[in-house]
Amino acid sequence: MLLGRVQIPQSVRRGEAFEVRVLVQHPMETGFRRDMNGRAIPLNVLDHVSCKYGGREVFSAKLGSGIAANPYVAFYVTADTSGPLIVEWSDDKGEKGSFTATVSVAG
Amino acid sequence: MSFVLLRVLRVTSFVLLATAAEAQRPSPLKGGVEFQGDDVKTLQADEFANPGMLWVSKGEAYWKQPKGEARMACGGCHAQGAMKGVGARYPRHDEAIGRVVNLETRINACVTTKQKAPALAWESDELLSLTAYVARQSRGMPIAVSIDGKAKPVFEAGQRLYYQRIGQLHLACTNCHDASWGRTILAEKISQGHPDGWPAYRLEWQALGSLERRLRACFFGVRAEMPAYGSDDFTALELYLAWRAQGLPVSSPGIRR
Amino acid sequence: MQASAAAIAGGALGANAQGLGLAAPQDLTPYIREITGGRKPEERDVEIDIPQIAENGNSIPAKFRVKSPMTAEDHVTAIHILCERNPRVQAATFHLGPQSGRAEISTRIRLAGTQNVTVVAVLSGNRYLIGATPVLVTAAACLDETAG
Chain A
1 MLLGRVQIPQ SVRRGEAFEV RVLVQHPMET GFRRDMNGRA IPLNVLDHVS CKYGGREVFS
61 AKLGSGIAAN PYVAFYVTAD TSGPLIVEWS DDKGEKGSFT ATVSVAG
Chain B
1001 MSFVLLRVLR VTSFVLLATA AEAQRPSPLK GGVEFQGDDV KTLQADEFAN PGMLWVSKGE
1061 AYWKQPKGEA RMACGGCHAQ GAMKGVGARY PRHDEAIGRV VNLETRINAC VTTKQKAPAL
1121 AWESDELLSL TAYVARQSRG MPIAVSIDGK AKPVFEAGQR LYYQRIGQLH LACTNCHDAS
1181 WGRTILAEKI SQGHPDGWPA YRLEWQALGS LERRLRACFF GVRAEMPAYG SDDFTALELY
1241 LAWRAQGLPV SSPGIRR
Chain C
2001 MQASAAAIAG GALGANAQGL GLAAPQDLTP YIREITGGRK PEERDVEIDI PQIAENGNSI
2061 PAKFRVKSPM TAEDHVTAIH ILCERNPRVQ AATFHLGPQS GRAEISTRIR LAGTQNVTVV
2121 AVLSGNRYLI GATPVLVTAA ACLDETAG
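Chains A, B and C, in that order, give the protein sequences. Each residue of the first sequence is one higher than the one before, counting from 1 in the numbering used here. Each residue of the second sequence is one higher than the one before, counting from 1001 in the numbering used here. Each residue of the third sequence is one higher than the one before, counting from 2001 in the numbering used here.
The set of hints was computed from the structure by calculation and includes no laboratory data. One or more of the hints may lead you astray.
Each pair of labels, with its calculated beta carbon distance range [stated by the list, open to error]: (1) C:Thr2138 / B:Thr1042: 16 to 22 Å; (2) B:Asp1125 / C:Lys2063: 28 to 34 Å; (3) A:Ser98 / B:Gly1081: 29 to 35 Å.
C-beta: ideal position from N, C-alpha, C; glycine also.
All chains should be built: construct the whole structure from the sequences, respecting the hints.
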């Protein structure tokens, strides 16, 4: 299970674009680093992040080793209905994680 | 010599020693993050995006998890909020353990004696997470360690080590962190060498690490043999550094280059 | 923004970056062509908010913005990040749509040395935009090894 956190505003107005901030614990190992014995540490990156809201996918990202360790991604979503906003992430080894935030739409 | 004269001499020498000790602390006192760039400062202040907070979250989870033969969770003994102020007081002399210990060692003492679980390895995910979580509870509180009584000889040993030239580069901590703080070396500003933001997320490590890991990097930097994790040298040095930083607010988890 | 002048083939450099030290900037033409299908992207409306000098190449905060009304008829569908001197030029791709409301992504990237960071945006209706900005990096990611 890959640990991560998601932050959205406490309450949003219908039609407003609000920021979704995501932080996941992951080494984003480039495959270029070497251990104390000179052996290359294998490539291991969080390569997929996606967000579902209002019953459909509203964002996705393909990440590579060019993204910093413990990846941080923030994107925008337009507020529509109150309800769950689910962010999911997975790495190139099949490890996964997710976080569900609750969107509270006023007006 | 008359009794009164002896008394006067003793008091005078104590005052002089105290003054000398005070004079050895940098002025003005500046926390570690002051010597980082704007982006690092912004990241440290960001409660959400500070990657060190991932270890704090994990620490909170470990805190609640029963473990060991005793099937105890840290939270089973320690009431909510009980850790407030703890991080600001370490290293300190622990009666039960019988010597001066840092926060990591104290946590491990609980793990082994109270939870009856195997000791957590230095720089292991669990020990780092717990240390970060406990230290975080003191965020904003001034560092205030005791160097009296049984801690005194350890403090003095740490002070000696701080002023001792070591390594192939023949440098003492004071050469950089007292004589040259604020100046630039290899495009980086030299800090005053305070432990106020530790454990910290170091961009170079791309992970959270302990103060001892950072101190080992300093020893490596002057091409000296690195003391082992948990060694007496480190405990003494950490106590001296905490005394030297007293008054600075705890800012763990910090971000450093 | 013309792709940086470099005569080195992308593939060879990418696979053997280890031990070679800092790479010369790669020609981004093949990477851009893969995104645009051969169409030339327009140099406008792409903003890259990134420090001029990065303290450490391992983690550089960056904000990528594309000016767009983000309506069903006119929106950004993808933002591609290309780093010409990284061992892997393609750093990330972000997929958006009209429901995004704003074509703005924040993240932290790695840069293996001083280089230009290039953004290619894909818009609805088969349109493409491009923008780039230079970043000075003192400690390079991927290639500056550290001890302990």
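Verification of the hints:
no., hint, result
1, C:Thr2138 / B:Thr1042: 16 to 22 Å, "holds, 18 Å"
2, B:Asp1125 / C:Lys2063: 28 to 34 Å, "holds, 31 Å"
3, A:Ser98 / B:Gly1081: 29 to 35 Å, "holds, 30 Å"
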